[in-house]
Amino acid sequence: MSDGAPDESASADPPSRRLLPARLGGLGYLVVLAATAVGLVIVALGPWRIGVRVIAVALVLAGSLRIFLPEPQAGMLAVRHRFLDAGVFITVGVAIAFLASSIPEQPL
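Quick note: the sequence shown uses numbering that gives the first Met the number 0, first residue 0, plus one each step.
Rather than coming from a laboratory, the hints here were simulated on the basis of the structure. Built from N, CA and C at the ideal position, the CB exists for glycine as well. The reader is advised that the hints may include incorrect statements.
[Unchecked claim] Have a look at the derived ranges for each label pair, beta carbon to beta carbon:
hint, residue 1, residue 2, range
1, Glu-70, Ile-102, 32 to 40 Å
2, Ser-63, Ala-36, 18 to 26 Å
3, Leu-83, Gln-105, 33 to 41 Å
4, Ser-101, Gly-45, 14 to 22 Å
5, Arg-79, Val-30, 15 to 23 Å
6, Gly-45, Phe-82, 36 to 44 Å
7, Pro-106, Glu-70, 44 to 52 Å
8, Pro-106, Phe-82, 42 to 50 Å
9, Met-75, Glu-104, 35 to 43 Å
10, Pro-106, Arg-79, 42 to 50 Å
11, Ser-100, Val-40, 19 to 27 Å
Please build the complete structure, drawing on both the sequences and the hints.
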């Protein structure tokens, strides 16, 4: 098997662990995910309207990123077609912000 040619697998550097996503869309996805997690924590701690608004802003941000990022950079924000993805993100974000604002205060 050894015909004098160098073994490529022996000379290759071991793969390094990547701490940040390779694409800008991946970083945007992590920001949206973190904002959603913060919103859920705020909801769990009590002021649920503020937490729901944070989640709504995260969804609108995801839709905006999906519109403006080029297709190869969209990362995990890309599921279907660009404007379908963005439309769903923005519509759901605006809808939950509206619903959170329109629910009347309940006496304790």
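Okay, the hints, checked on the actual structure:
no.	hint	in the structure
1	Glu-70 <-> Ile-102: 32 to 40 Å	38 Å, holds
2	Ser-63 <-> Ala-36: 18 to 26 Å	19 Å, holds
3	Leu-83 <-> Gln-105: 33 to 41 Å	36 Å, holds
4	Ser-101 <-> Gly-45: 14 to 22 Å	20 Å, holds
5	Arg-79 <-> Val-30: 15 to 23 Å	21 Å, holds
6	Gly-45 <-> Phe-82: 36 to 44 Å	37 Å, holds
7	Pro-106 <-> Glu-70: 44 to 52 Å	51 Å, holds
8	Pro-106 <-> Phe-82: 42 to 50 Å	43 Å, holds
9	Met-75 <-> Glu-104: 35 to 43 Å	37 Å, holds
10	Pro-106 <-> Arg-79: 42 to 50 Å	44 Å, holds
11	Ser-100 <-> Val-40: 19 to 27 Å	20 Å, holds
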